[in-house]
Structure formats: C-alpha cells, structure tokens
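S.K.: Single-letter residue listing:
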Amino acid sequence: MLLGTLEFNSGGATLAKYGFFNKASSVSGSTLFRLGKSRDVRPGALLTALVLAAEGGMVMLPVAATAAGPDLPAATNCTPQLLPGLGGRGSNAVASSSNGLVVGLADNAAGESVPVLWRNGQPTQIAIPLQAPAPASVNASGVVVGTGYDAANEVLVGWWWQDGQYHPLPVNPGDIAIPSAVSDNGVVAGALVADEEHSDGPGADEDEHPAVWPSVTTAPHELALPAGARGGHAFAVGPDGTAGGVALGDDATPVLWAPDGSPKALPTLSGKGGVVLGIDSTGQAVGQSGVADGTHAVAWAATGAVTDVGAAAAGATSSAASAIAGVTVGAGSSSSVRGSRPQAVIWIGKSARILPPGSDAQFTGVSGSATSVSGQGANAVVIGFSAADNGLRRATEWSCK
Amino acid sequence: MELQVKGQGRMRHPVVAVLAVLLGTALVVGNVDVLSRPNDSQAAAATSVSLGFAGDTGGNTVTGKVIDAARNAGTSAFFNLGDLSYSQITPESAWCSFVKQHAGSMPYEFITGNHEDDGPDGVWSNFASCLPDQLGSVGNYAQQFYTDYPASSPLVRLIMVSPKLTYSGSGLDWSYKSGTQGYKFVTSAIDSARAAGIPFVVVGMHMYCLSMVNYPCAASPDLMNMLVSKKVDLYLQAHDHAYARSYPLALKGSCTAIPVSSFNPDCVADTNANGQFAAGTGTILATVGSGGRSINSESNTTTAPYFQSFMGSNNNPTYGFLNVSVTSTTLTGSFVRASGGTYADKFTITRPAAPSPTPTATPTATATATPTPPPTTTTTAPPPTTTTAPPPPTTAVSVRSSASGAGELTATGSYTTSLPAGWQPGDTVFLYSQVTVAGSANTTAPAGWTKAVGDFTSAGSTSAHQAVWYRVMQAGDTAPSVAEPASRYAWSTVAVQGANTTTPLDVTPVTDTNSGVAYPDVRAPSITPVTPGALLLTAHGVRNATNSATTLFSPPAGMTELGESTSNIASKSNAALEVDSLALTDTSATGTKTATAASSSGALINQCGSAIVVRPAG
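Order-wise, the sequence lines are chains W and P. Heads up: the first sequence begins at 1 in the working numbering, then just goes up one per residue. Heads up: the second sequence begins at 1 in the working numbering, then just goes up one per residue.
Keep in mind that a hint or two might mislead.
Ranges of calculated distance between the beta carbons of each label pair, as one might list FRET restraints [stated by the list, open to error]: (1) P:601 with W:228: 34 to 40 Å; (2) W:292 with P:252: 34 to 40 Å; (3) W:270 with P:252: 38 to 44 Å.
Don't read these hints as lab results, they were simulated from the structure. Glycine included, each C-beta is placed from N, C-alpha and C at the ideal position.
Work out the full structure, taking the sequences as your base and the hints as a guide.
M.R.: And the structure:
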C-alpha cells in the first residue's frame, strides 16, 4: 500500500540544535490544544527547520512506505517517563501549559479517578466538589478548567480552579458549560448545551454550541456558526483569543473564530469534514481532516491553507492535537506498528515518528497518544498517555532533545 | 405522574397516557394473534441477516440520509434507539411519513427515548400508531419487547427496553433495578433465547450507563451488570450523540461490577487490536446516537479505556448507523457513514457452529399491563429482506461449472486460462483477472470478450488490480489468454447457464476498493438487481503485501465458492482471487458480501471486490 512519502530523521540531531525550543511556548487542552503566548517563537520556524535540516545533518529521506514496508521509526531523541500517580493503577495526562504544568486524572488507592495537577512532575489532587470531575486544560497561571457532575441538582457543571479554589464557570440560566481550553490570557473556549428536564435521569442530549468566555468570571459569548451549521464546539484558543473547533450541519466544518467571534470555515483534504483541535502561538491551527480511511493530521496556516501532515504517519488514521513552532503532536496508527494499536506521534514538519510508550516494573506500554506539547528550555516536552495491553493508561511525559 | 416544566421545558402529558390506555386496550386482545403465530413476513431459512441501529435521529436532511444509507446497504430492518423527531417534524404522523418515504420497504422499528416517553417531542404511542411493529415482537412494542430474527429460524434475539424512562400512568417500575418487572423481563428474554439455541442476543435501549460523556449512569447499573454477567453479545444504547464501541466487558477478577466513573482493566476481557473477538468472552457495548440530530464531543479520559473506537465532534464527526450482520456463527458490527466525516468501525464476534435453533414465536416473557399502541395486525408492510433465498427454480440462471488458476509472468506477455469443464454454446462465461503489479494491468480484453468490470485497484494499493470480462460462448471457442505486464496473477472462469444472452448483465456491475476494510475481510459491494431470479457473482481479490505469502479464502456467509486461487512466488507479493455465487429471488439490494482471507504469513493484504448480477433468460 502506497501511503505517500515518509520523511524521517536518520541522524542524531536534536531538536534544540535547530532552534525549535528557545522558550516555553505551548498550552493545550485534552483533545483541544492551543499554544500559549507567542513569545520567542520565530515566524517561519518550520521553513527554518527544513533549511537547517538540509544543511546541518538532519537528513530528510523520502521513503516509499508500504503496508509491508518498514515500521514508522521511533523518535529516538524522545525519552518517555511515566508520571507518578496517587496510589492507584491508572492515570492520564490531558493537557499542559506553556510553562510545564500538567493536568489530568489519576486513580487513588481506593480506585477512584480524581483530577490531578503535576508541578515539576509531582502530583497533587485537585479538590473539586463534584462527581467524576474531569479537567480539560490548564494555563501558565495555574488556572484549570473542566467539568463535573452535580448529583444533587442532576446537572453537569463547567468549572475553573486556581490555587486550591473551585468555582463554577458562569453560564446563563438553562445552559451547561463545557470548557475545553484555557489560554494564558485566561480566555476559555468550549461549548454550551441546553440543560434539560431531569426526571429521566442525567444527560444532556441537545446540540452543543461553540462559546468563549473572555475570562473565567465573565459570562460566555456564543459563537456565530457558518451558514448551514446547527451546532458546534470550540476546542482550542490561541494567544490572541482566536478560537478553533468544528461547526456541525449536514457536514463537519473546521472553523476558526476571530477574537470578535466571526467564523471562518477552513478547507479540508477530502471535503468530508475536519476539526480544529489546537492553535499554536503563531496562529497555525492543527487538528484532523477526513480522508478515505479515517482522518489525517493536518495543519492550517494563518491564511487558512491546509497541509496534510498525517500522510507521513504511514497509517490510515492520525490526528494532531497540539503544536509549537514546527513541531506537532498527536496520535496515529499503522498496520505495521504494534498490531495497529494507536501510538503517540510527533511530527517535525511532515516527518513523523512514534513516541515510544513508557514502561516501568509494573507497567508495559504498548500504545499511546500525545495530547500536548510545550517548549521547556532546549527540550520539547510532550504529554499524553501510554496504554498497556489491557487498556490501562498511565500519564506520560516525553522529553525530546 | 407530575406535570413538570423545568430547564428547557419538557412537559408531561397525562392525557396522552389515558388515550394510550384506551387505544392499547384493543391491542391487548388484538395482539394475541400476532404474538402467538410465526411472522410470515420473515424469510423461512435465512443464513444471514443485516440489521441497522441508530438513535437520536431528529427529522432533518441528515436523518433521511441515515435511513437512506441503511436501505441502500441492504439492511433487512432498522431499529431506532429512541429520541425520534425532536419536534423537527411535527406531528408524529408527519415524522412517520418522512421516515417511511426514506425507508421504503425496509421495516423501521423503534424503542422509545426520553424525548417521547411522555413528551416533550411527541408521545411514543402516537409514533407507534403510525410506525407500528412489523416483526411480530413479543411484549409491548416501543416500550419493552423482543424480536427473534428471522422468526422461523432465529439467528439473533433483539431485546429492547426502557430503563429510566417515564411512562405516565403505567403504574410500573421502569428503573430496571434488580427484581423489578423490567429486569425480570430482560433476564427471562435472555435465558429463553439461550435455551432455544438462538446464536446471538442483542439488547438495546435509549439511555446510557457506561459512556464517553462525563455523566454518571443514566440507565440502570443493575441492568448493565446483569447484561454483562450473562454475556449478552451486544449491548446498544444512545442518548449520547456520538458513537463509541467498547472492548468485550466481563465481570472477572477484581471487576465485580462495571465502574462508570473510573477504569478497571479487569473488566475488559479482550483487547484484540483488530476487533476480532470470541463469543462468550464478554459483552460489547456500543453507543449509537449518530442518527441525525447532532453530534457532541466525547471525553477521551476517565472511561475511554473501555472503548476501542469512538466518534464525536472532537473526532471525525460522522452521522451514520451501526450495521449488525449475523450468521449462525458470527456477529459483525460495522459503522456505516451517511453524512459528515469518514468515520468507520468494525468488530466481529465469532462462536463455534451450534445446532440449529428452534422457532420461538410464542411469548415467554411476563406480560405487563402497560398501555400499548393500536393493534399491529393491520400492518401490510412487505417482508424484510434477507440475504439468502430459497433455491431457484430449475430453469433459473445458474452456474454450470468453473475453473481457476494462478501464476507469474516474468516478462510482459499473456497468461492462458482454462474454460470451465462441460461448458456449452450459449453459456455465458465470466473471466476474472486479479493481478499484482505496479502500474497498469488488465488493460486489454481478450479477443472476442466484453468488459464487465474495467480494471480498478484497491484503496490499499494501486498494485492490486481486478477486472472481469464475459463472452456468450460459441461452438469452437477456446480458452482466452490475458495480456499483462510482468506480474503475479490469479484467475477464474465461470460458466453460467440460463443467462439472458442479449443482456447478460442485469445492471451495471459495481466495484469496491475496500477502503477501511481490515484483514481478514475482503468485501464485495452490494448490488441491486432489476430482474427477479437473477444470479449474483462476487469477486474478492487481494494483493498479499507480505512477500512470499499466499492467501486462501472462506466464502461470504450463505454464498457458494466457485473458484479460489493464489499465486505462490517467493520474495514477491502474490495475487489471490475468490469468486462466489448466490441465487437471487427478488430485486432487493444484495448487501455487501465479505469473504474471509487467510494469509500464510502476515496480515497485510490490499483488497478489492466486485459484484455482478447475471440476468436470467426470458
């Protein structure tokens, strides 16, 4: 099966060598990601990287990948580390901030899944007075947003948390807040869904509508939809307040909403849908676009032009979740890699490599997914999860030099 | 029952319940006949059935597309998992008309959702009046019932229930907690299905319990854990406007109940990466709320490890339905796209062959006094379509004989085939050519032969070619040679007698590049004949991408294998071909036909398939 041209780094060059990570530059949400402030990220970094690669030993070899061909190479310059948990078996890192804060979930000794904040790799439980609280994003100020269930009132609640204090996100009467991402500037992107009568039990089965909160204490603004759309969801927010997500009508249209709320429909690879899941500090959006066999990771330039990043992943399905200059992370699967189990993937330009699953004495990772990337000094730090053969997940941090 | 307006303002309508009681009284008597006799509308001895499921449909263009997709896929019957119109089309009768326009002759059944149990978007009994049961269900249709399908020789029992819904005036406990009438109904229906030897049991409902949205169980934990403990094969739900399909779940080790707010790996019985599972391993749970209303996001965190595949607004948003194909030994679920993205999912549950089940048309579950919709005995809908038909009459178009072969051309040239043994002048012979080569192939028809299927390639590789030609044979004809470049090839010739010699092709043949089809499946597409009594020929070809590996096949369920061949060349990717036939009786869509490949090494194949309908003489 001809899957396109695969480029890979056959040399031992490090990312820092090419100036990718001068300073921290990324924040992202769970499946929704955006970069933090754009400080120190050089415009045109991708082009620079490619030029430097050609000149400096980062050999980009075109390889005709086939289903029977070589495995997608591992990112040998990235080291996985399982993040410590809270005494239970599982955990999952869902988002990180531009300065390296990580949020996610971890099982405690009682087997309960609770929200957790990792600072410098050390976990602290986030106390949220709701059932099944699930964080979605964190920013550099330590503001965490997420959702949880209010059993007394039988309603889902969107919340924010900072410095040990829990607060519900403001909503208008009759609405439920579903925050997905928070920027370093404190702008929250997500969705609103109509609350419903609860005599039949919990649940919200009405349309989601994209929304932004200018701040965690300000009432949300519902975002306008492109013509023909009936609902949608904002999954990402950029440093200037641009939001990204999807508008849903008969089809699924990837959308960027300008800071004034006006929507801009983005092109897709096949005309069959796409979703913006992250926005980097240069304004580049990343996410996925439908292709014949699934989705490919894609990037949309600030001009809106779409690039098929996932073609390099050598598999039918891939999706980008977060990016910093020239570096994108997400997940992909290939029939030639570990029995098609999904893997965390890092793209440098269009060259894809697997982020190897983490393992320790009690846990052997066989698959994974990357959800967020940030620049920490000379390294790119990717977070996500590794999964064992039995499905158990462990929060994982990959440090890429 | 309270009259309640809260939140978005769902309003209860006790008057409707009174009307339902009055209307239902007729059914209590009228349904006795329906429930106690075999359903004549179902095929007598089907060996496979294909059923569609989706909930949260609404009434918009996408709703219609989903129904159209099911009908076009040859689905025998469709089951709406609840939340029907969302008042996008009102009143209920108008929505039913909309559905019927799209469903055509495909039976369309439903279980009630929370939007029409007693409002606010219509009332279930009104929907049941205009969209009545067509399958001879046992119990209270639209509320709590089961259907054996096909009735005369059941392959699957579908049990549809209503946990946590509100039926004003019923006086019954719809919580499905252990010991309640609903819980007992389900346990009885499962146990009696097993006792009757019905190969598979599927349970469906609207409200979810374990899901990928950040809500607690909205249905009944007791019910969910009972279904898992009894190893129900497939557990369907909706309410979550997305699609998510779990690994087989089981109660074992530390897993004494399925937790819905955390993940216990002991509750997962198998994590086969290709979705191939043995029956009895556990219960596969699928949320299918993708029927047209909207799509919401799925949370890929707390409970996500239970699920092998999901679709939502944050992952390839795609409207569609779950197609469940059942034979006596396999249950295969496939998510079929109707609109939006390109999401696909597939899983298969396989069990060893078992003795034939016995008919079970007589009700075995506890009757309830629940109001029921008007009698269904007035239904005049056509019978559901099945993929296997009674033997054709002796004068029908049929296969006389076939031949197969394979090999390699080490340089550009021609390979020579054999004609089927005993062919007669006037027979129509079909020549199938499967070629593995980069670049073009199958470009030139053998002299005197007519193209039936032009060369096309697999979605997985442009090196996997397939083409078909045919010829109405004349005395003195010799075996055709096929010009090809240096390549590996496999071929079959099939002699058909009783075909229309003027127009052998009943309709334009169709091809399938097998996009998204995973090993070991090799799929031929559905095709819809225009002439009753025609003959279906399907071809299933592969390029085995593991060098030196050969490929054998098992035919699609219910079909007869005519030819099977594989090249066997060392250090090269080989070609392999399977051709099958099926006698058709009516003009229903055939549904897709999937052969099963077995590679001698590796599991990397590039598949393609085609379907031809041969028109009978006269």
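S.K.: Give a verdict on every hint.
M.R.: Now for the hints, and whether the structure bears them out:
A C-beta distance of roughly 50 Å is found between residue 601 of chain P and residue 228 of chain W, which places it outside the suggested range of 34 to 40 Å. Between residue 292 of chain W and residue 252 of chain P the CB atoms are about 39 Å apart, so this pair conforms to the stated range of 34 to 40 Å. One distance hint, 38 to 44 Å for the beta-carbon pair residue 270 of chain W and residue 252 of chain P, holds here, with the actual separation near 42 Å.
Hint compliance for this structure: hint 1 alone is broken.
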